[in-house]
Amino acid sequence: MSAATTAPAVTGELPRSARRQALAAFMRDRMAVVGVVVLLLAVIVTVLAPLISPYDPTEGDDDNILVPPFSPGHILGTDTQGRDMLARILFGARLAFPEAIIPVAVAGIIGLILGMIGGYYHRTVGEAVMRVLDVLFAIPMVLLAIAIAAALGSGLPTVVLSMSIVITPYIARVVSTTTAQLRSATFVEAARVSGFGDGRIFWREILPHVIPAVVVYGTTNMGAMVVFAAGFGFLGLGAQPPTPDWGAMIADGMHSLDSAPWVSTVPGIAIVIIALAFNYVGDGLRVALDPRLRTRL
Amino acid sequence: MLAYTAQRVLSIIPTLIGVSLVTFGLLHLVPGGPALAMLGMAASDPKAVAAVTKELGLDRSLPEQYWIWLKRAVTGNFGTSTEFHVPVTALLFPKLEHTLILTAGSLFYAVVLGLMVGITTALYHRSLYDRLAMLLTLIGASAPVFWIGLLLIYLFAIRLGWLPALGMASPLGPPTVLGVLKHLILPAFANSIISLAVIARIVRSGMMEALVQPYILAARARGLPRWRQVVVHAFRNVLPDAINITGLQVGFLFGGALFVEVVFGWPGLGYLIYSSIQARDYVTLQAAVLIVSAAFIFVNLVADLARMALDPREARS
Amino acid sequence: MTRSVDGALTDLVHGKLSRRDFAAHAAALGLSVTAISALLRSAPAEAAASDAVFPITGPMQDGSGGTLVVGQESNWDVLDPCLGTGAVTWRTCLYQIYESLVAREMDNPSGLSDPIVPGITKSIDRSSDGKTYTFHLQDGVTFSDGTPFDAAAVMWNVERQWDQSKLGRKNAPQFDTTAAAVRSWFWNPAQMVSMTSPNPGTVVFELAKPFAPFVSGMPESGLGTMGMSSPAVWKTGGTAAIAAHPIGTGPFLFESQSPGDQLNIVKNPKYWNPAGAAKADRIIFKALTDPSTRVAALRGGDAHVIFAPPTEEIASLQREGFIVTARANPHLWYMQLNAHEPYWKDRRVRQAFFMSINRNAMAKRLMRGTALPAVSINGRTCPSWTDQAGYPEHNIKAAKQLLADAGLEKGFETTFQIPTGGSGEMDPVGMAEWIARDAAQVGIKIKLQTMEWISYLHAWAGGMTAGIGMNQQSWGMTSIYWPNLPLRTTSALNVGHQPDTRFDVLLDQANSSLDDETAIAKYRAVDALNAQEMWLLPIVNDLAPVVISPKVRNFVHSSDWWWDFKKVWVQS
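Residue numbers (this note's numbering), protein chains in the order written: chain A, 1 to 297; chain B, 1001 to 1317; chain C, 2001 to 2572.
Quick caveat, the hints were computed from the structure, so don't treat them as lab data. Note that CB positions come from ideal geometry on N, CA and C, so glycine has one too. Mixed in with the good hints there might be a few duds.
The list that follows gives simulated cross-link-like pairs (lysine-lysine, DSS-like), each with its CA atoms no further than 30 Å apart [to be verified]: (1) B:1047 with C:2170; (2) C:2270 with C:2551; (3) B:1047 with C:2209; (4) B:1071 with C:2235; (5) B:1054 with C:2166; (6) C:2235 with B:1047; (7) B:1047 with C:2131; (8) C:2235 with B:1054.
Examples of chain B residues toward chain C, derived with CB under 10 Å [what the hints assert, rightly or not]: (9) 1030; (10) 1032; (11) 1035; (12) 1054; (13) 1055; (14) 1170; (15) 1172; (16) 1271; (17) 1277.
Can you make the complete structure from the sequences, with help from the hints?
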C-alpha cells in the first residue's frame, strides 16, 4: 500500500459516531459476523470442554483403535491409540487459541513500541532499531522458529515465545510505516509546535491511530498464527504429549492417510474452520476501521 | 534513484552480517553440538566427544569461532559439512537450484492464477463466482500447507494416479525437463496457495477501487471496450501494489518451502536447513541461512525498485 | 526330537503342548525366532488379538538385472566406513560398497547359523590363552581401484581408528580423531597392545588380556565399523577424498550421490568372489524421511523397497499386493531408571513399574505385530539371548501389591524423557504414552518430556539428572558385548547411575572367558540379575518391517541392523 493512498485512513481519532459507523459496517459484513459467531462458539466449547467432552482426551481404549467417524460412541472416530477424536479436538482447541492469541498480543505490544520508535526517530535510533528488525525479517521464519524451539525444548511456552519473536518484526514494520506517515501529519506537527514532549505526542497523538492498524494486522494474521502453531505440533515441537495438539494430530494421522484418513483430516478441518473464521473477522475489521474501504465496498 | 539504489544495495551487507551473527548465536543455543550428532550413541566416551569437539574447533570462544568463520566466508570458503564431509558450496548450490525451480513454479501459479482470480472476481464482484472463488482461496490460505500437500498427494498421486507424488524426477533414468515439470505440478501448487490468495485479494480490491475511478468511468463513457478499460487503465493502477506484494511473496515462497519440500521429498534448501538442524551441521546451516536471507533481501529490493520505477509518486517521496 | 513343525503346531493348537515347550521344539527344528513367533501368533489362543504374520523373504527366483530403488527413512551421512555413523548409512548404503573385516551372514532365510562367516577374512584362530587372534585373509581380493587388499591395508584401516597414544606410541598419519571416538566403545575394552603381519595374507592382533567379544564385536555398531577402505584413496586427499570417492572391496561400486537425497551404486563387475557377485545392475537409495512419502513412493512405483512403513498402512499395502517382510534382529527398545530418585531405591517399586506395562498388548496393538515383547536385555539374534531370564509378566494386581509392600500404595509422580524420533526409535511418543497409561493403573503418574533427537542424545549421554525418573533408548547387538554399555557401573551409558557392582563382576568374568559357552552363560547371568534388579527394562524388540514391491526377487529380510542386497534383483 503506498503512502499516498493510506494516509487519509488515519487522519484523526475516531469520534463516537465514527465508532458506531465502524460497528455498523462490521455488522453489514455477513461473513465477518459468521466468523465472530463461530469463534465465540468455539471459545465457549473450549472453556466447557471438560464438562461436555464425551471422553478423556488422553485415555485410550485398546479395543477401539481407529474406529471410523459416525460410529456409535465416537462421532468423529478414534485415533491409533483408541482415543476419541472429538475429545481430542475439543481439548486441542484449548491450545490452539492461546497459541494464536498470545504471540500476537506479545508481538503486538513489543512491535508497537519498536515500530513507533523506528518510525518516529527514523533518522537516529529508529534507523538502528529497524535495521536490527530487518535482520530478523531476513532470516527464514520457519528456521528461526525451529531453532528457538530446539534450543528451549518443546512445549507451549516455547511455541508462544518463538512465534512472538518471529512476528514482532512484521508488526513493527506496519507500525513504523504508519508512524512515519503520522509524523508529518498536520495534527502531529501542530502538537510539536505547541511544545508537547515526545512522550505526550506518542501517547495522545500517535498511539490512538496506530492501534487500529495493529489490531487489524493482528486479527487478519490470527488465522495464519493458528496454522503456524499447528506447524510446530506437526514437527513435534508443540505441546508435550499426550496433550492433544492439532498439528501433532495431523502428523499422527499422516501415517494412516489411506486406511484411516479421518485421523489427520478431522484436525485439519478444525484448523481450517478456526483460521477461516479469524480471517473473515480480520477482513471485517479492516473494512470497518478503514472508512475509505468502507465506502468503496 | 541511482543513489537510492546504491544505498539500498550497500545496506544489504550489514544486514547479512547481522543474519550470520544471529544464526551463529542461535545455533549455539541449541543443545547437543555437531560432535554429538557425528558420534550418535557412540558418544559413550566423554573424552572422545571432547577430542572431536576440539578437532572441529568448537572448544574455542564463541567470538573467536565467529571471527574464523567470517574470515573464511569472505573469501568464499564456507567450510566442509560435518554431516556429509563434502564442501558446503558443493552441497548448497544444487539444492539452491532445486528450491529456485520450486519457487519459480510456485510463483507462476501465484501470479497467473492470482491475477486471473483477482481480476475476474473484481469484474463480477458479488456474483456467485466471486463468492465461491474468494471462499476457496481463503480456505486454501487458511489450511496448513503440509496438510494441503498431503491431500493433493492422496488425491492426485495415490487415488487418481495422474501425477508423481514425490521428488524432482523419476529415480529411474536420467532427469528430463518434462519429467521435472510433471513433478513440479503438485508441490508448486501446494506452495503457492497462500501467495495466490494474497495476490488475488490485493488485485481484486485494487481493481474494484480502480474500476469506479473517474478516468475509468470516462473511458467507459468514451465507449472503450471493456477489456481495454480493465487491462490498460484499471490494471495499470493496481500494478505497483501487485508487484510489491508479489515481491514479498517471492521471499515467502522461497523461505517457506520447507514444509512442501519435506512432504513432497523435494531436495531443496528448506529441507537441507531442516535436516542440518537435526544433524547440528552448523557449517552447512550458516551458509544455507545466509543464502536464503540474501535471496530474500535481494528479491525485496528488486520489488521495491520495480515499484518505484512504476510509481513516480513513490520515487519522489 | 524329530517331530515336524506342523506336528508341533497341531499339538499346540490342541493344547497338548505348552507354548514354551512348543517354542523349544520349534527352535530345535531350526526355525528362526521370527518364524516361531509368527507361528505362535497364528495359534488360536492369540487369534483374537493378533492379525499380522510376516514372512522373512519375498518371492525367490533365479535371475539377475534391474534397478532397485530403496526408500530410506532417514539421511545417510558420510560415505566413509570409519565415520559413517547413522544406522541407515551402514545398514543399507555402505555395506554394499565396503566389506567388514569380519563378515556376518545376514541373509540366510533359514535362521542363524554361525553368524561369523568367511568373507575377506578366510578364517580366524584364537590362541589358548585368549590373547592372540590370527586373521587369515582371503587371497586375490582387490579394492575397486585395483589396489590389493592385504595385511598392510588391514593394518592401515585399523590404525585409522585405533588410538595408540594410550600405549605411549605415536599415531599413524591416517589416524582420525572422530573415527577413534566412534569406535572407542570397542578398542578401549579390547586393550590391544600390538598388531603385526608375518606375511601379506596374515594379521596378528595381540591383546593385554582375554576379550571374548573381540571377533563378534568387530562387525558391530551402526557407528562406523571395520569396513575396509582403500588406503590409496586417502593418499589422494585424506578423509574428504574417501567421502567423495568411496572405494571398497564390496559387490557394488559407488556411482554418484546428491547428499541427503539420492545415492546411486552399480554392480562391481570385478568382484573378488564371483559366486557372491551382485545380481541387480544398480541400486538407488532415496532419503524419504516422511513415512507417508515413502508409502506414496512405493505405490507410485518410484521405490521398490521401503523401510519403516507406518504400521497403520501395512494391512492395506498387503491387500494391494505389496509384500511386508519382518524379522527379529538385535534391536531392543529399553528404558533405564534413575537410581538417584528416591522411589526407585526399593527394588519392589522397580519391579512393580515393569509389571504394570503391558508389553504384549503394546507389541500387538500399537505396533500391530511388527514388534515382539522383549524377554531379555540381549538382542534376539545374540547367542546369549534367552526367554528364561525371568522377567515378570504383566500383572497389575501383583504390581499394586509390591507397591503397597514398599509403602507406596498411593503411587508417586515421575518424569519420562523421550525423543520425538530417531534411529531405531519406532514410535517413541506413542509408546511412551502407552506406558504412561499402563503405569497410571498402579498409581505411577508419568509426565512425558519429549525432545528432538540430538537434544535428547545430549541429555541422555550426560546421564539422568534430578527430577528425571526414566529415559529410553533403542540399541542392541548380535555380539554378546552389548550389556557392558548400559549396565557396567562405570560406563557412561549407565545413564541411570545403576550402583550394583555385581554386574561389573559378572561382565568381567564374561569378557575374560576363554570359550564362548562360558561367556554366553555369564552374559545370561547378567540378564537374570537384571531381571531381579530391574535397572534396565526391556520393552519390545522391533521386527523392522519392510515393504517390497512384488517385482523384487530374492529379497531376504536381514537378521541384523545392516543389509546385504547382493542377491536381490528386479524383474522388469
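Evaluation of the provided hints:
1. Restraint check for residue 1047 of chain B and residue 2170 of chain C: the C-alpha separation of about 18 Å stays at or below 30 Å, so the hint holds.
2. Simply put, residue 2270 of chain C and residue 2551 of chain C have alpha-carbon atoms about 27 Å apart, close enough for the 30 Å limit, and the pair holds.
3. Using a Cα cut-off of 30 Å, the hinted pair residue 1047 of chain B and residue 2209 of chain C holds, with the two alpha carbons roughly 23 Å apart.
4. Our distance criterion of 30 Å between C-alpha atoms is met by residue 1071 of chain B and residue 2235 of chain C, whose separation comes to about 29 Å.
5. Of the pairs offered as hints, the one joining residue 1054 of chain B and residue 2166 of chain C holds, with about 18 Å between alpha carbons and a cut-off of 30 Å not exceeded.
6. A threshold of 30 Å between alpha carbons decides the hint, and for residue 2235 of chain C with residue 1047 of chain B the separation of about 28 Å falls inside it, so the pair holds.
7. For the suggested pair residue 1047 of chain B and residue 2131 of chain C, the alpha carbons sit about 26 Å apart, so the restraint of at most 30 Å is met.
8. At most 30 Å may separate the alpha-carbon atoms for a hinted pair to count; residue 2235 of chain C and residue 1054 of chain B meet this at roughly 24 Å.
9. The closest approach between the C-beta of residue 1030 of chain B and any C-beta of chain C is roughly 7 Å, which is under the 10 Å cut-off, so the hint is satisfied.
10. Interface hint at residue 1032 of chain B: satisfied, since its Cβ lies 3 Å from the closest Cβ of chain C, which is below the 10 Å cut-off.
11. Look at residue 1035 of chain B: its Cβ gets to within about 8 Å of chain C, closer than 10 Å, so that hint holds up.
12. Satisfaction of the interface hint for residue 1054 of chain B is found here, the shortest Cβ-Cβ separation to chain C being roughly 8 Å, below the 10 Å cut-off.
13. Checking residue 1055 of chain B against chain C by beta carbon gives a least distance of about 5 Å; that is within 10 Å, so the hint holds.
14. With a cut of 10 Å, the hint placing residue 1170 of chain B at the interface with chain C holds, because the nearest CB-to-CB distance is about 6 Å.
15. The criterion of a C-beta within 10 Å of any C-beta in chain C is met by residue 1172 of chain B, whose closest approach is roughly 6 Å, and the hint holds.
16. Hint on residue 1271 of chain B holds. Least Cβ distance to chain C is approximately 8 Å, under the 10 Å limit.
17. Here the hint on residue 1277 of chain B is kept, as its CB sits about 8 Å from the closest CB of chain C, short of 10 Å.
Against the hints set out earlier in the document, no violation occurs for any number.
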